[in-house]
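Asker: Can you make the complete structure from the sequences, with help from the hints?
Residue numbers (the numbering used here), protein chains in the order written: chain A, 1 to 180; chain B, 1 to 304; chain C, 1 to 384.
These aren't lab readings, by the way, just hints derived from the structure by calculation.
Keep in mind that a hint or two might mislead.
[Stated by the list, open to error] Result set (DMTMM-like, lysine to aspartate or glutamate): computed pairs, CA atoms no more than 20 Å apart in a straight line: (1) B:Lys287 x C:Glu85; (2) A:Lys95 x C:Glu192; (3) C:Lys21 x B:Glu126; (4) C:Lys168 x A:Asp112; (5) C:Lys189 x B:Asp279; (6) A:Lys7 x C:Asp120; (7) A:Lys24 x C:Glu131; (8) A:Lys15 x C:Glu131; (9) C:Lys163 x A:Glu30; (10) C:Lys50 x C:Glu316; (11) A:Lys154 x A:Glu132; (12) C:Lys28 x B:Asp279; (13) A:Lys7 x C:Glu175; (14) A:Lys95 x C:Glu135; (15) C:Lys21 x B:Asp207; (16) A:Lys15 x C:Asp25; (17) A:Lys7 x C:Glu129; (18) C:Lys28 x B:Asp207; (19) A:Lys7 x C:Glu187; (20) B:Lys33 x C:Asp120; (21) C:Lys28 x B:Glu205; (22) C:Lys15 x B:Asp207.
Every value quoted in this text rests on a predicted model; they were computed, and no experiment measured them.
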Amino acid sequence: MKRHIIKDALRSMVKPSTTLYPRKPYIPQEGFRGAAEYDPEKCVGCGACSQTCPTGAITYEDSDKHRRIRLDYGLCSFCGRCEEICPWGAIHLTKRYELAVYDKSEAKTGVDIPLLECVKCGRPFFPTSQMEASIQKVEETLRKYGIGKEELAKLIQLCPTCSFTVDKMPERRMFMRRLR
Amino acid sequence: MIETINMLIGLLIYPGLAFSLLVGGIFYWLYRKVRARLQARIGPPWYQYFMDLIKLFSKESIIPYSTRGAVMVLAPIFSLTSLILAAVMMPVGSRSIFGFDEDLIVTLYLLAIPGLAMIIAGNVSESPYGAVGSSREASIMVGYELPYALSALTVGFYLRSLSISTIVRYQIEAGPFFMKYPLATVAFLMCLLPKMGRRPFDAPEADTEIIGGPLTEYSGLLLGIFEVTNGLKWFVIPAFTVNLFFGGGANPIEFLLKCLGIVLFLSVLDIIHPRYRIDQGFRYFFKWILPLALIDFVRSLIWP
Amino acid sequence: MSTVLPIGPFHPALKEAAFIKLEVDGEKVVGGDFKVGYMHRGIEELATRKTYHSNIFLFERVCGICNTVHSTCYTQTVEALMGIEPPERAKYIRTIVFEAERIQSHLLWFGVGMHEIGYDTAYMYMWREREHALEILESICGKRVNFGINTIGGVRRDITPEKERLIKTKLDILERTIGKIGKILVEDKVLEARVKGVGILPKEEARRLCVVGPTARGSGLNMDTRRDDPYAAYPNIDFEVPVEEGGDVLSRTLVRLRELAQSVKIIRQATANLPKGPVASESLPLPTVGEAFGRVEAHRGELVYYLRSNGTNFPERVKVRTPSVVNNNSILPMVVGETIADVPIILASIDPCFACTDRVTVLDTRKNVEKTFTLSELRGRRGR
Numbered sequence: 001m002k003r004h005i006i007k008d009a010l011r012s013m014v015k016p017s018t019t020l021y022p023r024k025p026y027i028p029q030e031g032f033r034g035a036a037e038y039d040p041e042k043c044v045g046c047g048a049c050s051q052t053c054p055t056g057a058i059t060y061e062d063s064d065k066h067r068r069i070r071l072d073y074g075l076c077s078f079c080g081r082c083e084e085i086c087p088w089g090a091i092h093l094t095k096r097y098e099l100a101v102y103d104k105s106e107a108k109t110g111v112d113i114p115l116l117e118c119v120k121c122g123r124p125f126f127p128t129s130q131m132e133a134s135i136q137k138v139e140e141t142l143r144k145y146g147i148g149k150e151e152l153a154k155l156i157q158l159c160p161t162c163s164f165t166v167d168k169m170p171e172r173r174m175f176m177r178r179l180r
Numbered sequence: 001m002i003e004t005i006n007m008l009i010g011l012l013i014y015p016g017l018a019f020s021l022l023v024g025g026i027f028y029w030l031y032r033k034v035r036a037r038l039q040a041r042i043g044p045p046w047y048q049y050f051m052d053l054i055k056l057f058s059k060e061s062i063i064p065y066s067t068r069g070a071v072m073v074l075a076p077i078f079s080l081t082s083l084i085l086a087a088v089m090m091p092v093g094s095r096s097i098f099g100f101d102e103d104l105i106v107t108l109y110l111l112a113i114p115g116l117a118m119i120i121a122g123n124v125s126e127s128p129y130g131a132v133g134s135s136r137e138a139s140i141m142v143g144y145e146l147p148y149a150l151s152a153l154t155v156g157f158y159l160r161s162l163s164i165s166t167i168v169r170y171q172i173e174a175g176p177f178f179m180k181y182p183l184a185t186v187a188f189l190m191c192l193l194p195k196m197g198r199r200p201f202d203a204p205e206a207d208t209e210i211i212g213g214p215l216t217e218y219s220g221l222l223l224g225i226f227e228v229t230n231g232l233k234w235f236v237i238p239a240f241t242v243n244l245f246f247g248g249g250a251n252p253i254e255f256l257l258k259c260l261g262i263v264l265f266l267s268v269l270d271i272i273h274p275r276y277r278i279d280q281g282f283r284y285f286f287k288w289i290l291p292l293a294l295i296d297f298v299r300s301l302i303w304p
Numbered sequence: 001m002s003t004v005l006p007i008g009p010f011h012p013a014l015k016e017a018a019f020i021k022l023e024v025d026g027e028k029v030v031g032g033d034f035k036v037g038y039m040h041r042g043i044e045e046l047a048t049r050k051t052y053h054s055n056i057f058l059f060e061r062v063c064g065i066c067n068t069v070h071s072t073c074y075t076q077t078v079e080a081l082m083g084i085e086p087p088e089r090a091k092y093i094r095t096i097v098f099e100a101e102r103i104q105s106h107l108l109w110f111g112v113g114m115h116e117i118g119y120d121t122a123y124m125y126m127w128r129e130r131e132h133a134l135e136i137l138e139s140i141c142g143k144r145v146n147f148g149i150n151t152i153g154g155v156r157r158d159i160t161p162e163k164e165r166l167i168k169t170k171l172d173i174l175e176r177t178i179g180k181i182g183k184i185l186v187e188d189k190v191l192e193a194r195v196k197g198v199g200i201l202p203k204e205e206a207r208r209l210c211v212v213g214p215t216a217r218g219s220g221l222n223m224d225t226r227r228d229d230p231y232a233a234y235p236n237i238d239f240e241v242p243v244e245e246g247g248d249v250l251s252r253t254l255v256r257l258r259e260l261a262q263s264v265k266i267i268r269q270a271t272a273n274l275p276k277g278p279v280a281s282e283s284l285p286l287p288t289v290g291e292a293f294g295r296v297e298a299h300r301g302e303l304v305y306y307l308r309s310n311g312t313n314f315p316e317r318v319k320v321r322t323p324s325v326v327n328n329n330s331i332l333p334m335v336v337g338e339t340i341a342d343v344p345i346i347l348a349s350i351d352p353c354f355a356c357t358d359r360v361t362v363l364d365t366r367k368n369v370e371k372t373f374t375l376s377e378l379r380g381r382r383g384r
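Answerer: Dropping the structure here:
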């Protein structure tokens, strides 16, 4: 009368379909979207991840020496937009899903980027690695015109207030003459 | 002096409270483990029942404001006491410490008290779930107590004796009773299912319909006493069945093995069935189980 | 003399919080009332403060079981508003994820339904088979719930040939399971005594209450948005729509069982005919001022989205009409006259999703007026 249930029951007795988690760990498949981790070598502090995060879990604030980028796991929705949009490949979603902590301030991850100081007034304003990456992108052109990196740096590494005065700087006139 | 100590040991340790609770807890664990394994899960460890008891005894027991608190406290105490007395009178192996000449009838009465205690508990706790649960328990008791008592008395009438020890001794010599009265055995086994609260007849405690049934408002120590009763039931009722119909056992080891068989049978029947509605269950008992018990009862009266 | 038996907000028969107040006389139900509002989260208001792209991830979280349904319907509505068309491969991938989620949702429903009538063994077996559907979804999308596979203009991940092989293996296992479920349902007498002839919704009553989805198809109404108003890859796929005439819980169960078999068939056709090409379109214009309207066939019925845009990157109004809003109206007519023991299985047979249901409505019986409060009015009342 109940043939199928009894057959199923005997087959299940031999092979249970639950494991002794958490004594035996469970590894998810490839491509699983778990907790995100930053790569401090590659991150330049551009802030694209915090612009696109749908929940606002990634925030950044500039203190006097560092730009602090923080990702709060409590607000993260594990969607993967930050990984998709990062131009430098500096954030990856790992396979880690056991994120319970006793202290809420431990459920964060992030990166601290040292800030560059303005060559004129000395105020820190821009992440160092982003400046280096930008200068690296125009390296070819610089070599063509025979301009050194330090010379360019003196003209670019100006904070927003000081960059209004770049028209009057003597270095700029010499630089523009070189370009012609 | 020796007599008193003997009696105290019998009442509290073997085969009284401690032994019955231990064996009952192990049988309950076996039921849960077999159930889990047949459902493709792993199941609890062996100490789960005892840990649950310790947890329940350490929690606070809340009595609702508008009930009669005295009755609410007495109901679990009655059910526990009756089961301890029944356990003490039950022959284990072939000796019984407190058995006497009319203990079949007394055991039948004592084993009906837990059901009554549940009815009282459901009614006195002033919750609609309790009221529905206790009315369901009353209906199903009407359904199964009659074939249960008739099958048990069949055996007694055959031997013209009401002592369980006599029944056990007769079966050790002449063979178990399920060969002679198979219909009464089947009826008795089916009546065990609602008595222990197992599917397909566990409508009084249906948790998806009426949360906890009669025990909804119980918590803490009082619920712990009901759980102790549940554990004792898992020893006393298979023991009663084995003593009446399956030979009893010449020594405790054989006896416990036969009880294990009854426990496994109850587990398998519990797993493969959904739950009957209360009116369907009631009709089932009157339509199929009562005639079986009546046939064998009449047979035992007419052909001695 | 009738007592009041409350089902909920906390009850083992409900998966989410709702309040069903039954008036019972012994074991028979003679009346009742139905109140929702315990799961209101203000999602429609929050959607007007986030960009169109962020809202994809927000709307996935309206319901716990039908995630990609909401996400797909929202994305299709936004694409209609912007006037872009996703590539063919994206449409097929959306269909595969959609139907895999339907398999997962119906197997979950089977398990829950069996648990309501006390058949825990069948509950465990069906949830074991559900793991195969979840593994298909995990391999394609990377997560088991809240997939985030949609983006405006296509999908975010592609299906490699290795994933196609995994999908085929799992589909074979699922087909065997569905056959086994059918046999279990048919050969069990106790099960039949609990579900047959219980909770009958006649055809005219179903039409008057405007129910949708398997609830309607179990009462003889032949409606399915995938066939009547096709979207994604459904115009190119051949499938049937199961309809039963009984109107009781057994008919709805059989409708869902046949839909499972049809879903497997749809996924097989979609994987076999997967066209090559990109998975997302490259250009994304800003939405023009206007309105758009989109609907899909969710697991519980027809889901409707309405979107209004004022030219910026933030939507002006998003309105969601989920199928549970209309299906829940049919609970009370079905339950009155049945016994208490049948109420959980009748409630489970329309597959209610109370998280999708909540809108705040105020009924003033003295003035006979009905008004719906918006979130800003509620905030004003609290004095903030």
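Asker: Each hint needs a verdict: does it hold in this structure or not?
Answerer: Hints and how they fare:
no. : hint                : verdict
1   : B:Lys287 x C:Glu85  : violated, 66 Å
2   : A:Lys95 x C:Glu192  : violated, 45 Å
3   : C:Lys21 x B:Glu126  : holds, 17 Å
4   : C:Lys168 x A:Asp112 : violated, 46 Å
5   : C:Lys189 x B:Asp279 : holds, 16 Å
6   : A:Lys7 x C:Asp120   : holds, 16 Å
7   : A:Lys24 x C:Glu131  : holds, 18 Å
8   : A:Lys15 x C:Glu131  : holds, 15 Å
9   : C:Lys163 x A:Glu30  : holds, 11 Å
10  : C:Lys50 x C:Glu316  : holds, 10 Å
11  : A:Lys154 x A:Glu132 : holds, 13 Å
12  : C:Lys28 x B:Asp279  : holds, 12 Å
13  : A:Lys7 x C:Glu175   : holds, 18 Å
14  : A:Lys95 x C:Glu135  : holds, 15 Å
15  : C:Lys21 x B:Asp207  : holds, 18 Å
16  : A:Lys15 x C:Asp25   : violated, 47 Å
17  : A:Lys7 x C:Glu129   : holds, 16 Å
18  : C:Lys28 x B:Asp207  : holds, 18 Å
19  : A:Lys7 x C:Glu187   : holds, 14 Å
20  : B:Lys33 x C:Asp120  : holds, 14 Å
21  : C:Lys28 x B:Glu205  : holds, 18 Å
22  : C:Lys15 x B:Asp207  : holds, 14 Å
Consistency note: the structure conflicts with the earlier hints numbered 1, 2, 4, 16.
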